[in-house]
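**Student:** Spelled out from the first residue to the last, the chains are:
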Amino acid sequence: MPEVLRRIVLEHSDEVAAKWLKEIAEKRKGDYTSSISTELYESTNREFVNNIFASIDHPDEIAKLDAFAERIINLGWPLSYITDGLQSFRRVTIDFILTESSSVETVEFSKILTVVDDWVEPIIKQLVNQYSGNWEHTVSLQRLALQELSAPLIPVMENITIMPLIGTIDTERAKQIMENLLEGVMKHNSEVVLMDITGVPVVDTMVAHHIIQAAEAVRLIGATCILVGIRPEIAQTIVNLGIDLSNFPTKSSLRKGFQSALEITNREIVNLDNSTNDMTDILDSLK
Amino acid sequence: MEIKSCVKIRKEWDIVSARQMGREMAKELGFGTVDQARIATAISELARNIYLYAEDGQIDYEVITEVNRRGIKITAHDNGPGIEDLGRVMEDGYSTSGGLGAGLPGVKRLMNHFDLQSEPGKGTTVTAIKWVR
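If you're matching them up, the sequences are chains Z and D in order.
At position 95 of the first sequence the residue is numbered 95 (this note's numbering), and the sequence of numbers has no breaks.
If you want this note's numbering, it's the 1-based position in the second sequence plus 287.
Don't read these hints as lab results, they were simulated from the structure.
Heads up, some of the hints might be wrong.
Straight-line C-alpha distance at most 27 Å; calculated DSS-like pairs for lysine-lysine [unchecked claim]: (1) 175/Z / 295/D; (2) 175/Z / 360/D; (3) 409/D / 314/D; (4) 111/Z / 175/Z; (5) 125/Z / 19/Z; (6) 291/D / 360/D.
As the structure is a prediction and not an experimental result, all values here were calculated from the model.
Bound-form chain Z, shown alone (with noise of 0.2 Å):
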């Protein structure tokens, strides 16, 4: 920055930040940032301008800036916040400094815009970095989340595995839920497996397509695969779109596809309450 320009701009820090403030103020009526306590609002706002200005002796100085944007993130202040605060301090900036000097001249003027420009668009470069780079985290670690959550696969008892299926299914997820799905007959040893789509809001074909290539899949490794938690909307509009899902068992509840995977599997619960009546019956009679 030129030595003239610098020095009108720092001798003078107090009043452009004041302009600025007031600018500012003025658009924050009726605005996103109305629910900010006031005091909050300005001790931000002395902050930022200080930060601008601090950045012109030392634009290298980058943590100070990247802790003032930690905080703004971390107060869940939109990013037009600060996007909307450096344009207004560009132009409070050029109008002041355009009235200070004494010449206005076509190449003066370029001059000028271009040293603010270069004091201010860095700024807003790294602010915005670190604002969508902080988004882009939570995106991810969501995305992570999601996944865990996507395909799992619970032995209940030795050969019947159940996999409940909540939330929408995608290709990525229909991808895992294959995956998760065929590995997981092959180490937990299943006979049966019981696919719960209770918590599916939508079975469209593209579902349907993914489960009956699932089903498929576990009947080629020589289990069963029943279907279960078809909710009579969902059983309406499979019968609508003409999906023909005559080739595997299916349930209306979990509860009634478990009994059928015990019968196949050759077990059936039993009902302690008997014997113990038995054992009541033979000891009265033994009296």
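Based on the hints, put chain D in the right spot on chain Z.
**Tutor:** Same frame as chain Z, but now just chain D:
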């Protein structure tokens, strides 16, 4: 009274927001749960077709009112490659993407009114209406 809104389809997850929007509107209009599921499924099919074949398009929602009935009108349009043979895509089991081939004929059965307009190279517009019973 006409309420119009739209959802753009560009990513796979846009399909989810498209059908959620449709389900919301259907609920407000007083459709039962079965019809809500039908409408959401139909939108899902149409949105997926846009995503798979045209890559970019949008779904419009409109509440339509006639003298003695109200309904929801779904319009899916795109500027994609269009459909070569309009007769064949309405056949069950015909698919160019290895799917089940039940999408468009399925939508026709899920909804009350169905209209398909397409020209190769120019794009496709599907209009479907469901009346509140």
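**Student:** Which numbered hints turn out to be false for this structure?
**Tutor:** 2, 3 and 4
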